[in-house]
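Q: Each chain, letter by letter, is given below.
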Amino acid sequence: MKTARTHLLVCAGTGCVSCGAFALKDALVAEIARRGIQDEALVVTTGCNGFCERGPILLVHPDGVFYQRLSPADVPLLVEEHLIKGRPVPRLMYVPPEGGLPVPKMADIEFFKHQRLIVLRNRGRIDPEKIEEYIAYDGYEGAAKALERMTPEEIVAEVSAAGLRGRGGAGFPTGRKWDLCRREPGSPKYLICNGDEGDPGAFMDRSVLEADPHAILEGMIIGAKAIGAARGFVYIRDEYPLAVSRIGIALRQAREMGLLGRDILGTGFDFDLEIVRGAGAFVSGEETALIASIEGQRAYPRQRPPYPAQSGLWGRPTVINNVETWANVPSIIRRGAAWFSSLGTETSKGTKIFSLVGKINNTGLVEVPMGIRLRDIVYAIGGGIPKGRDFKAVQIGGPSGGCIPKELLDLPIDYESLTQAGAMMGSGGMIVMDEDTCMVDIALYFLRFTQEESCGKCSPCRIGTRQMAEILARITAGEGSLEDLEKLGTLAATVKRGSLCGLGQTAPNPVLSTLRHFRDEYLAHIVDRVCPAGVCKSLITFTIDPEKCVGCLLCLKACPVHAISGERKKVHVIDPDVCIKCGACLNACPAKVRAVIKRAGDRAGASREGAAAPKDA
Amino acid sequence: MQQRRTAGVAGRGQASPGLRRSTVSAERAAARIVVRKYGGQRRAVIQILQDLQERLRWLAPETLEAVALELKMPPAHVTSVATFYKSFSLAPRGRHICTVCMGTACHVRGGATVLEHFERKLGLRAGQTSPDREVTLERVNCLGACALAPLAVIDGRYHGQMNESKADKVLQPILRAGGPAPDAGSGPEDGEAL
Ligand SMILES: Cc1cc2nc3c(=O)[nH]c(=O)nc-3n(C[C@H](O)[C@H](O)[C@H](O)COP(=O)(O)O)c2cc1C
Ligand code: FES
Numbered sequence: 001m002k003t004a005r006t007h008l009l010v011c012a013g014t015g016c017v018s019c020g021a022f023a024l025k026d027a028l029v030a031e032i033a034r035r036g037i038q039d040e041a042l043v044v045t046t047g048c049n050g051f052c053e054r055g056p057i058l059l060v061h062p063d064g065v066f067y068q069r070l071s072p073a074d075v076p077l078l079v080e081e082h083l084i085k086g087r088p089v090p091r092l093m094y095v096p097p098e099g100g101l102p103v104p105k106m107a108d109i110e111f112f113k114h115q116r117l118i119v120l121r122n123r124g125r126i127d128p129e130k131i132e133e134y135i136a137y138d139g140y141e142g143a144a145k146a147l148e149r150m151t152p153e154e155i156v157a158e159v160s161a162a163g164l165r166g167r168g169g170a171g172f173p174t175g176r177k178w179d180l181c182r183r184e185p186g187s188p189k190y191l192i193c194n195g196d197e198g199d200p201g202a203f204m205d206r207s208v209l210e211a212d213p214h215a216i217l218e219g220m221i222i223g224a225k226a227i228g229a230a231r232g233f234v235y236i237r238d239e240y241p242l243a244v245s246r247i248g249i250a251l252r253q254a255r256e257m258g259l260l261g262r263d264i265l266g267t268g269f270d271f272d273l274e275i276v277r278g279a280g281a282f283v284s285g286e287e288t289a290l291i292a293s294i295e296g297q298r299a300y301p302r303q304r305p306p307y308p309a310q311s312g313l314w315g316r317p318t319v320i321n322n323v324e325t326w327a328n329v330p331s332i333i334r335r336g337a338a339w340f341s342s343l344g345t346e347t348s349k350g351t352k353i354f355s356l357v358g359k360i361n362n363t364g365l366v367e368v369p370m371g372i373r374l375r376d377i378v379y380a381i382g383g384g385i386p387k388g389r390d391f392k393a394v395q396i397g398g399p400s401g402g403c404i405p406k407e408l409l410d411l412p413i414d415y416e417s418l419t420q421a422g423a424m425m426g427s428g429g430m431i432v433m434d435e436d437t438c439m440v441d442i443a444l445y446f447l448r449f450t451q452e453e454s455c456g457k458c459s460p461c462r463i464g465t466r467q468m469a470e471i472l473a474r475i476t477a478g479e480g481s482l483e484d485l486e487k488l489g490t491l492a493a494t495v496k497r498g499s500l501c502g503l504g505q506t507a508p509n510p511v512l513s514t515l516r517h518f519r520d521e522y523l524a525h526i527v528d529r530v531c532p533a534g535v536c537k538s539l540i541t542f543t544i545d546p547e548k549c550v551g552c553l554l555c556l557k558a559c560p561v562h563a564i565s566g567e568r569k570k571v572h573v574i575d576p577d578v579c580i581k582c583g584a585c586l587n588a589c590p591a592k593v594r595a596v597i598k599r600a601g602d603r604a605g606a607s608r609e610g611a612a613a614p615k616d617a
Numbered sequence: 618m619q620q621r622r623t624a625g626v627a628g629r630g631q632a633s634p635g636l637r638r639s640t641v642s643a644e645r646a647a648a649r650i651v652v653r654k655y656g657g658q659r660r661a662v663i664q665i666l667q668d669l670q671e672r673l674r675w676l677a678p679e680t681l682e683a684v685a686l687e688l689k690m691p692p693a694h695v696t697s698v699a700t701f702y703k704s705f706s707l708a709p710r711g712r713h714i715c716t717v718c719m720g721t722a723c724h725v726r727g728g729a730t731v732l733e734h735f736e737r738k739l740g741l742r743a744g745q746t747s748p749d750r751e752v753t754l755e756r757v758n759c760l761g762a763c764a765l766a767p768l769a770v771i772d773g774r775y776h777g778q779m780n781e782s783k784a785d786k787v788l789q790p791i792l793r794a795g796g797p798a799p800d801a802g803s804g805p806e807d808g809e810a811l
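Keeping their order, the protein sequence lines are chains R and Y. The letter at position 567 of the first sequence is residue 567 when you use the numbering used here, and the numbering goes up by one with no holes. Count along the second sequence from 1, add 617, and you get the number used in the numbering used here.
None of these hints come from the bench; they were simulated from the model. Just so you know, even glycine gets a beta-carbon here, dropped at the ideal spot from N, CA and C. You may find that some hints are simply not true.
Claimed, not checked - Here are the simulated DSS-like cross-link-like pairs (lysine-lysine), alpha carbons at most 30 angstroms apart as the crow flies: (1) Y:K783 - R:K592; (2) R:K569 - Y:K786; (3) Y:K786 - R:K387; (4) R:K592 - Y:K786; (5) R:K105 - R:K130; (6) Y:K654 - R:K130; (7) Y:K783 - R:K548; (8) R:K387 - R:K548; (9) Y:K783 - R:K557; (10) Y:K703 - R:K496; (11) R:K592 - R:K569; (12) R:K145 - R:K387; (13) Y:K783 - R:K598; (14) Y:K783 - R:K387; (15) R:K569 - R:K598.
As the list claims (entries may be wrong) - Partial list, computed: chain Y residues near chain R (C-beta under 7 angstroms): (16) G657; (17) F701; (18) H724.
Stated by the list, open to error - Label-pair ranges, simulated between beta-carbon atoms: (19) R:G186 - Y:E671: 35 to 43 angstroms; (20) Y:T700 - R:P576: 38 to 46 angstroms; (21) Y:D749 - R:A591: 36 to 44 angstroms; (22) R:K598 - Y:R672: 47 to 55 angstroms; (23) R:E40 - Y:E671: 41 to 49 angstroms; (24) R:Q420 - Y:T700: 48 to 56 angstroms; (25) R:D263 - Y:D749: 51 to 59 angstroms.
Using the sequences provided together with the hints, build the complete structure.
A: Take a look at the structure:
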């Protein structure tokens, strides 16, 4: 490897690539060549930094200076100032959302400052397509230690003592799972990495697969030795082509270096891995369904027990763990259980990656110690809610999870406290919601999701989720009744109890948790026929304030259905019968005019249908 | 295009033996290559269908049949797998694929409005392909780029922070190429005047 004085680390995660990271890289390479400093400055592409919203991102090493939202046009200045004259460029640095001075160093940016990296330790610093770089940062040391100096029992004991729990959903103790499988007499045994990541709004597994593929392979090699498996599978969601390609490259390189295949590191241990691509079914993330999918079947879940550890792939003992779980293993073996378990809470050890998305200033992936308070994630790391709006809730755990309201912001984040609050760790998707998010609409969103994704094998899930979605749709249309709330409760209990797999068993959670914490919003929809957040289309109207309208034609042009009439310098009018309530006019109306009014409460459409009398707002 | 495809289907039943062989073997040949890549393993049927869809853009009944023949498995099994998984398209797809994300992060930032706008612009509902097979509109539950929400993908390119005027801009090349343009009336750069 060539050693240059300065390394320019260009983030090449999906987020940054989609906003032009490669164009930035090309511009940097060209400009550096043009200035003749290619021996001093080396451009490197790295995996995802997690601060995706600020892409394209460039980190200058070893200065630690962090540049963001770059475009090729910024490159000549950046090279001239920073690389040649040694003067960092404040204009291209991060400025906190609340204002203030640009922050030059990555380590001083609030988003990064409070994070604690184990799984994402290599993020933004290595090129994921080069095994040498992974190795340079202690990569495959854990595997070497496990293969050369540890017995399977010792490996299992170490992982158990570390207190590692599954990061893919239920938080089952990983060591115990391995031990179960290790003791099973059947053979051969298999390993699976679950990279199906079906929870919409979570993308940590994608990031790890893309940014540090070797960490997953290393974890699996260690696991293979622990349970005595000779083969494993990495199951990756079809929507993640970059992850598939990076894991493929990693597999090839690991084989070339004798880290996979026959007689690994000369220890006589054989193990190899293969990639299986998913095909777009949420339920295939469930372990028994995923196993069916690898076998080439439809991804129907089956009754457990027997657990996969006893009878999994082709009926053989199989350990299946989540991407993030596997990626924790190398550090645990390398640095020891005591080090790992010193982080976190009594029952939840280590760190967890959360994807912080939705109505939040600093969107991205954050890895934090277990037990951190939700408030610190939302405010210290996330920088609070944009546009000065009020925080309402965080949805955690996706379609199986629930909402944590404002009152519980000081909740420590661990498996138990989340479950107690009616949410769930799940895969770690955290969707922040503000006062403009309607909680009934969110409940409906998730129920529609599970209803669509229900595989249909068992009827409580198939029919129950449909009925629940129908009731919620009625409520959001302003046609709900108080009995509907009771019906929702009864249905929820039935679906939870009667469903075959976790999909159905947890599907009612988003409804139950919103009913528990936001019952008043349901009542507003039912009793007052009002959507307080102004989201549910049947319950809002758009009008133009004739006093304020300046007749600029902007809303008229923006309206996709030509519902607005008017002329230049004359007051515009919205025809409520044509209006589809898309809000385009509201967005188009200039901030200094603000003539378009969105009103919650008028039951539009009522006049047309002649149904229940519209209430005055 | 449509005609050629139907000719292929009909050909199996009635046309001359020569034509019959050549049309059947198009799918069969593709299936054979891909099946061989996976060592003829039946458990790889999902991967095989994925590779074939990548090559052929969709899975025609003839393709499924060819896979069943090559893998020596019941056609009903191949069909049941193909219908179970959402990423398989059993109807022809367009030359351009527009995908709008309906994941949670995109939803709370207005994904539904974006999808409606795409539907209006293209004159298609999600899941439909234009009659001239130029454009297919699809929805997806999260692409793992939630920080860019709301997100749309056009022919593999990600476009974040989507809104109406941005959508008009990115769709313009497709609409101009002769796709259905029920409402291409609004001028470019709307709303940026003030
Ligand atoms: C409907 C459903 C979907 C699931 N999806 C995923 C997923 O996408 N990724 C994942 O790792 N686990 C998923 N799980 C959890 C798995 O069944 C399994 O518990 C997990 O892969 C075990 O790994 P862990 O112990 O490392 O968490 C899902 C479970 C259910 C019920
Ligand atoms: S929710 Fe749209 S990309 Fe994740």
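Q: Give a verdict on every hint.
A: We went through each hint and held it up to the structure:
1. Y:K783 - R:K592: Roughly 22 angstroms between the alpha carbons, so the hint for Y:K783 and R:K592 holds.
2. R:K569 - Y:K786: holds, 27 angstroms
3. Y:K786 - R:K387: Satisfied, since the Cα-Cα distance of roughly 26 angstroms is no more than 30 angstroms.
4. R:K592 - Y:K786: holds, 26 angstroms
5. R:K105 - R:K130: holds, 26 angstroms
6. Y:K654 - R:K130: holds, 26 angstroms
7. Y:K783 - R:K548: OK: Y:K783 and R:K548 at ~27 angstroms, within 30 angstroms.
8. R:K387 - R:K548: holds, 23 angstroms
9. Y:K783 - R:K557: With a Cα-Cα distance of about 14 angstroms, the restraint between Y:K783 and R:K557 holds, given a limit of 30 angstroms.
10. Y:K703 - R:K496: holds, 25 angstroms
11. R:K592 - R:K569: Roughly 16 angstroms between the alpha carbons, so the hint for R:K592 and R:K569 holds.
12. R:K145 - R:K387: This hinted pair is violated, its Cα atoms lying about 51 angstroms apart.
13. Y:K783 - R:K598: It holds: about 23 angstroms lies between the C-alpha atoms, which stays within 30 angstroms.
14. Y:K783 - R:K387: With Cα atoms ~21 angstroms apart, Y:K783 and R:K387 stay inside 30 angstroms; holds.
15. R:K569 - R:K598: holds, 22 angstroms
16. G657: violated, 12 angstroms
17. F701: Hint on Y:F701: holds, closest Cβ of chain R at ~4 angstroms, below 7 angstroms.
18. H724: Result: holds, 5 angstroms to nearest chain R Cβ.
19. R:G186 - Y:E671: 35 to 43 angstroms: Once the Cβ atoms are compared, 36 angstroms apart, the range 35 to 43 angstroms for Y:E671 and R:G186 holds.
20. Y:T700 - R:P576: 38 to 46 angstroms: holds, 42 angstroms
21. Y:D749 - R:A591: 36 to 44 angstroms: holds, 42 angstroms
22. R:K598 - Y:R672: 47 to 55 angstroms: holds, 48 angstroms
23. R:E40 - Y:E671: 41 to 49 angstroms: holds, 43 angstroms
24. R:Q420 - Y:T700: 48 to 56 angstroms: violated, 41 angstroms
25. R:D263 - Y:D749: 51 to 59 angstroms: holds, 58 angstroms
Of the hints listed earlier, those the structure fails to meet are numbers 12, 16 and 24, in rising order.
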